[in-house]
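Take a look at the letters that make up each chain.
Protein chains: 2
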Amino acid sequence: MANPGGNGATFDILGIGNAIVDVIAHADDRFLTDRGITKGGMTLIDADGATSLYGDMAPGIEMSGGSAANTIAGAASLGARAAYIGKVRNDQLGEVFAHDIRAIGVHYDTPLAETGPPTARCLILVTPDAQRSMNTFLGASQELGPDDVDAALVAAATITYLEGYLWDPVHAKAAFRKAMDIAHGAGRQVAMTLSDSFCVDRYRQEFRELVDHQIDILFANEDEIKSLYEVDDFDDALQAVRGKCDIVALTRSEKGSVILTGDEVHVIDAAPVAKVVDTTGAGDLFAAGFLYGITNGLGPAESAGIGGRAAAEVISHMGARPEIDLKTLL
Amino acid sequence: MANPGGNGATFDILGIGNAIVDVIAHADDRFLTDRGITKGGMTLIDADGATSLYGDMAPGIEMSGGSAANTIAGAASLGARAAYIGKVRNDQLGEVFAHDIRAIGVHYDTPLAETGPPTARCLILVTPDAQRSMNTFLGASQELGPDDVDAALVAAATITYLEGYLWDPVHAKAAFRKAMDIAHGAGRQVAMTLSDSFCVDRYRQEFRELVDHQIDILFANEDEIKSLYEVDDFDDALQAVRGKCDIVALTRSEKGSVILTGDEVHVIDAAPVAKVVDTTGAGDLFAAGFLYGITNGLGPAESAGIGGRAAAEVISHMGARPEIDLKTLL
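Line by line, the protein sequences give chains X and E. Taking our numbering, I'd label the letters of the first sequence as residues 2 to 331. Taking our numbering, I'd label the letters of the second sequence as residues 2 to 331.
Incorrect hints may have been included.
[Claimed, not checked] Pairs of lysine-lysine residues, derived as DSBU-like cross-links and limited to a Cα-Cα distance of at most 30 Å, are as follows:
no.	chain 1	residue 1	chain 2	residue 2
1	X	LYS227	X	LYS256
2	E	LYS276	X	LYS328
3	E	LYS276	X	LYS276
4	E	LYS276	E	LYS256
5	X	LYS227	X	LYS179
6	E	LYS179	E	LYS245
7	E	LYS227	E	LYS179
8	E	LYS328	X	LYS40
9	X	LYS276	E	LYS328
10	X	LYS174	X	LYS227
11	X	LYS227	X	LYS276
12	E	LYS40	X	LYS328
13	X	LYS40	X	LYS174
14	E	LYS227	E	LYS40
15	X	LYS256	X	LYS245
[Stated by the list, open to error] If you want the footprint, here are the derived chain X segments under chain E, 3+ residues with CB under 8 Å:
no.	stretch
16	45–59
17	62–74
18	91–105
What the hints contain is simulated information worked out from the structure, not anything from laboratory work. Every residue, glycine too, gets a C-beta built ideally from N, C-alpha and C.
In isolation and in its complexed conformation, chain X is listed as follows (with noise of 0.2 Å):
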């Protein structure tokens, strides 16, 4: 295991993941019903049910989004030194998402695509529960491969944070696993999000093995661990995790976290949230403060207590990303 701090390493956490800019709307259920929507998900969609899904949507906003990003930029704001590998096309909205994450501090050099789709977007329709619902088209985003992974970049950070999203484009799949092998090949740890329970349901058995063999760091929400291990019960999929990974950090939403490590479990409550507007990105922000906590020194408990207080604060506005300097949550 790195040894955080003093090692060595250029950047605390790199990131990678598909780089997408969001369009956020409010919707109704009635939407989401008559659309066939899975509320709370994130559903793939191609170009043409994108336009189709774009046309019916109510005026949006639009901000930079994907997971991982989401983490990196949490994480800078808060303070660590951060990198991201993702992929954008030489269009405006990817000149937005490039602008962006190096904006608010993060090193970013992956190369633009030139041709093929325009970069991702995520539709995201927001219920007045405050509940998101994501439609995802990849894009520019799926011409992430193994090249784009810088293997100086990787080697000179302490944490490799990879989303399961990666799963998804045919290409990405293969950078994720040369990610992982230059980390541990450098002596560095290797963190991994589910991302999302159908995620899962997709890609079981290559997490189950990822998570079995080659992960430091797992986060996870209660429905996408519950998935991973097709258990009802969520202390049933907390027993079948603990010990996989050095680190297990599970979120329950309003409930807080539960970290394992070793022997140890720990409890934290949820920071609290005057109002709920969008939960979008809550589980972005709690992998964020975490890894900027163990990055820096800090134990399990209390850096998912910064993890907890980055989460509040992206969920008590619109969009992933934080809303205010984060340094001021520590």
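The hints should help you fit chain E onto chain X, whose structure is shown.
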């Protein structure tokens, strides 16, 4: 003067303006002073200036904007039959602009620019005092010309609403004049906002002539009307403009508004706002509510009350378009 309601009009309000996508980010006062940006104003920038400023800005959110477009979007949200004319390019931000204005219920079919500069964007810096400082790259909105003014559409609207900002792009002035002539020829009314005190500085003589001879309903804030008549005192400006138009609606931020109609002076209090987050769009949404009222047969004081409530909604969050269905304000 056209008779609101039962006048054979297909639309209550037609807006013509610079079609712009806003890029909104927080900034501190030092950021403005370091770059010589006039706080609270609208500064025109070229493509290089936009690239340079954007490169320095914090992460942003993208939302449709444009002064008259915001007004028309607000009026549509209130329930007005609304249409809009303004030029975007066939690019991603143009698609965003067209989607958002149609999605809120506005008739919009101005032909897209197929060549030339990209869709206009306004880089908006919101300082901790919630003041907004706008830096506009006019881009494709400069391509708006008289040919884009659909005579049948203008003749079919009870009120044609024009922004003073149209004096900035080269050809838009001719479009403005063409629309005024058609509207008056069809027995309709022409409304105009002076837009910005620096815009008034640039075109004072022409704006005075418009106000004297062409405008039926004039909107201006305190700084703009003082700039128009080059006086330091609001009451002097009020006396100077009195009687020049059928209706003069003067907005004074937290002091509310003053409406002049014939011999009457109506003083209306501002609507309460729990927390002012971003003042972008305050004047635009006041005009939306006021025009909605007037075209629905309400009196000037009641119409100004709706305008005040619409303005209060838009300054309670980031961005210049309503976040809620404004019908709930009625």
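Right, here's what the structure says about each hint:
1. This hinted pair checks out: LYS227/X and LYS256/X have alpha carbons roughly 16 Å apart, not beyond 30 Å.
2. Distance restraint check for LYS276/E and LYS328/X: the Cα-Cα separation of roughly 23 Å lies within the 30 Å cut-off, and the hinted pair is therefore satisfied.
3. For a cut-off of 30 Å, the pair hint linking LYS276/E to LYS276/X stands: about 15 Å separates their Cα positions.
4. Proposed proximity of LYS276/E and LYS256/E is supported: the alpha carbons are some 16 Å apart, at most 30 Å.
5. Under the criterion of a C-alpha separation no larger than 30 Å, the hint pairing LYS227/X with LYS179/X is consistent with the structure, at around 28 Å.
6. Proximity of LYS179/E to LYS245/E is assessed by CA-CA distance (about 21 Å); at most 30 Å being required, the pair is judged to hold.
7. Between LYS227/E and LYS179/E, the direct Cα distance comes to roughly 28 Å. Compliance with the 30 Å bound is thereby established for this hinted pair.
8. A distance of roughly 27 Å separates the Cα atoms of LYS328/E and LYS40/X; the hinted pair therefore holds under the 30 Å criterion.
9. Restraint check for LYS276/X and LYS328/E: satisfied, since their Cα atoms lie roughly 23 Å apart, inside the 30 Å limit.
10. Distance hint between LYS174/X and LYS227/X is fulfilled; the C-alpha atoms sit about 23 Å from each other, no more than 30 Å.
11. Our distance criterion of 30 Å between C-alpha atoms is met by LYS227/X and LYS276/X, whose separation comes to about 28 Å.
12. At most 30 Å may separate the alpha-carbon atoms for a hinted pair to count; LYS40/E and LYS328/X meet this at roughly 27 Å.
13. A C-alpha spacing of about 26 Å is found between LYS40/X and LYS174/X, which places the hinted pair at or below 30 Å, so the restraint holds.
14. Of the pairs offered as hints, the one joining LYS227/E and LYS40/E holds, with about 18 Å between alpha carbons and a cut-off of 30 Å not exceeded.
15. For the hint linking LYS256/X to LYS245/X, the alpha-carbon distance of about 23 Å falls within 30 Å, and the restraint holds.
16. By the rule of at least three residues with a Cβ nearer than 8 Å to a Cβ of chain E, the coverage given for the stretch 45–59 of chain X holds, with 4 such residues.
17. For the stretch 62–74 of chain X, the proposed coverage by chain E is satisfied: 5 residues have a C-beta within less than 8 Å of a C-beta in that chain, meeting the threshold of three.
18. Look at the stretch 91–105 of chain X against chain E: 9 of its residues bring a Cβ nearer than 8 Å to a Cβ of that chain, three or more, so the hint holds.
Violated hints: none; the structure is consistent with every hint.
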